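Trainee: Now for the letters of each chain:
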Amino acid sequence: MMPKSITDEFRPNRYQPIPMFLERVLANWKASWKIWRMVMDWATWLYILLPGLFIFGGMYRDLLRDPPEGLDRSFLVLIYISLGLLQLIGKYRTFAEPGDGLFLHRHARWNKGKILSGFVYGFLMRLSVSALLVAIAAPLLLQIFKLTSGYLVILILYCSISGYAWILLKDRLSQLRQGWGRSLVLICSYIVFIIVFVLLAEYGQESTAVLGSAIIPMAAVAAWLMWLRHRMQGTFLHEIATENALYAAKVKWILKEAMDKKPTPMLRRPMLFPRSQPLLKHRDDTSRLLDSWFKSALRRVDLYYPMLYFASIGIAAVSLPPLLLAVLVWLALPMLVMLMLQRQWSKWLTEPYIALFNWRIEMLEQAANKVRVWGALPTMILWAIVIGVKIGLAYGGASWFAVAAAPIAGYFWLQFVNEIFASIKVFRQD
Amino acid sequence: MENGDVPLFRADIEEAGYEPGHPIVQDVTLTVHSGERVGLLGPNGAGKSTLMKGMLGQLPHWKGKIAWHDEVEKSSKGSLMSSRIAYIPEHPILYERMTLWEHLVLAAAAGGIPEEVFRERAEKLLRRFRLFASKHEYPFKFSKGMQQKTMLIIGFLLQPELYLVDEPFIGLDPGAVMELLDALEEERSRGAAVLLTTHVLDSAERLCDRFVLVHNGGVAASGTLEDIRNIAKCGAEARLFDCFHKLTYLDEEQP
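Which chain is which? The protein sequence lines are V and D, in order.
Just so we're aligned, residue -16 is where the first sequence starts under this note's numbering, counting upward by one.
Just so we're aligned, residue -2 is where the second sequence starts under this note's numbering, counting upward by one.
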């Protein structure tokens, strides 16, 4: 008997703009829920979230029952700033997918439906998040600050409409400008938005009519931006980039321990050494390799930031304790710096382009020695100056000579520590 | 002795693949001579790139022998990975934070090329492949074709004994293809050998002295164009394309 044939699905209605938009919204929230579930297992609920909610609830109840004396209306500014910041994180979304570029993107009807659905979704999201935050704050606002429920309704509308106008404006600015210009314009817009938002909300406390009437021009601006967005052509790649960025933002903090996020350059040319100038003189192949490493490290925030943090912590560690302990700490710290540098260096060598070549072992060993010593030298000198100043302050007079002597001693100490490193097999290249 | 008579390396590959027990390539023997240009051809998924990766020692599972002809005594198994080769991969491999010029400097450091020689070669190649004006830009930001040219420049800069080139024509504009063909011709006259994989059979026919047709993980045919015509039972005027089609597609049963 022949097996019963399976008919392949044929549901063309699924590809109508609104059903498909809803399907994608649902899939997006399902995916978000899955990601949250990865983090919020029963242990997290039991040991962190539920106790946290219980404590927060208790504190909130205490605040309502017995408000502190200093709690006046200036505290409201914090709530308005929170509401304003909540609007800033919003984005206009169309839930576009790269595959749409093949067929759907060619159809005006699909594009129109997608963009209009994005408008509705964007406004509903603004309304939901604003209402949620105002609802949480409502007992405080009504009971302690004696605001009226009518004001809260107007406040929700004000937040939603101003937030909605903002996401449309941000979307437009992101498409009109590139690179540093875009970042600068967006940062200025953030600041202006927050200032105007808070001032109007504060002024509206006294006169609900003022806040209510502020909504009208904002709604008009939003409508104008919607009209512009609707007419805008060539937005598909921007929509894909927005969706990708939102997805990356959603998962990156969960995956941050599992994978390193390597920042990629924004500009076509480097800002440091823009004409490929050497940092070190190219005496031999080792110095060429070292030059590549140091320039890469200086151009990569993720490589030198840990070093800056460590240098700052080190300054505190050598300046706060008594002199003898500070000197011991100063002598121990380079080992940690060198370990960090060694790790970064080894990782850099595994970069696909660097690993493309067959490097000579003696060259790698020489370079690793210099990476450790030269890389650690600036921080070591900085800490040495702190030690020198401490000695000068403690003993005065000729002891201020230590400010010059300590960095020299630091250099020789680094060399000594490096020799120990070089003799340990795990740090050798063979 | 002519260039093409001196064996450069020999690979006897029993099996190679990504998982144990699932070889992609089996029983392949390949010898390349100095100054020879060998085309490694085959349909999609035939195992060409796997074979190349195997020769570079990049595969986790590998059985066989591979050795440079003059080093056969000291290394009977391993890979060709050494400063004697330049590998130009299908997908450009670049470092995000180095300019094009710095990529070349690093390659020169790895290849031990003296600075004067490096400057002369680098500038000539940059002009040849029309990237001189972009030498202080990040290749990471280049178009696919420009990135491919970057990889070619790096390869030619090293002037190795053997070029392993994976799909070199993809993404290149016609002018760049011409420059590539000319540069390979110059390298042949220097004595360098080229082993390249490609689907662009017209260019392969023009460029290569010999062909190895990989099909279903093994060698279906190998030799000069005339040998391939005979194996495929094609006429004396048949193009490589026709022989390839006959040997790979027409003998396959349709599901």
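The reader is advised that the hints may include incorrect statements.
Only pairs whose alpha carbons sit at most 27 Å apart, straight line, appear in this in silico BS3-like list of lysine-lysine [said to hold, decoys possible]:
id: 1; chain 1: V; residue 1: K264; chain 2: V; residue 2: K233
id: 2; chain 1: V; residue 1: K353; chain 2: V; residue 2: K264
id: 3; chain 1: D; residue 1: K121; chain 2: V; residue 2: K330
id: 4; chain 1: V; residue 1: K264; chain 2: V; residue 2: K74
id: 5; chain 1: V; residue 1: K264; chain 2: V; residue 2: K330
id: 6; chain 1: V; residue 1: K74; chain 2: V; residue 2: K13
id: 7; chain 1: D; residue 1: K138; chain 2: V; residue 2: K233
id: 8; chain 1: V; residue 1: K17; chain 2: V; residue 2: K74
id: 9; chain 1: D; residue 1: K121; chain 2: V; residue 2: K264
Note that these hints are calculated values from the structure, not bench results.
What you are looking at is a predicted structure, and each value in this text was computed from that prediction instead of being measured.
Trainee: It remains to establish, for every hint, whether it holds in the given structure.
Mentor: Taking the hints in turn, this is what the structure says about them:
1. A threshold of 27 Å between alpha carbons decides the hint, and for V:K264 with V:K233 the separation of about 44 Å lies outside it, so the pair is violated.
2. Distance check on the hinted pair: V:K353 and V:K264 sit about 14 Å apart at the alpha-carbon level, within 27 Å; holds.
3. Restraint check: the Cα-Cα separation between D:K121 and V:K330 comes to about 33 Å, which exceeds 27 Å; the hinted pair is violated.
4. Restraint check for V:K264 and V:K74: not satisfied, since their Cα atoms lie roughly 48 Å apart, outside the 27 Å limit.
5. Proposed proximity of V:K264 and V:K330 is supported: the alpha carbons are some 24 Å apart, at most 27 Å.
6. As the CA atoms of V:K74 and V:K13 are separated by approximately 19 Å, the hinted pair is consistent with the 27 Å bound.
7. Restraint check: the Cα-Cα separation between D:K138 and V:K233 comes to about 26 Å, which is no more than 27 Å; the hinted pair holds.
8. Pair hint V:K17 plus V:K74 holds up; C-alpha atoms about 21 Å apart against a cutoff of 27 Å.
9. For the suggested pair D:K121 and V:K264, the alpha carbons sit about 23 Å apart, so the restraint of at most 27 Å is met.
In summary, the numbered hints that this structure violates are 1, 3, 4.
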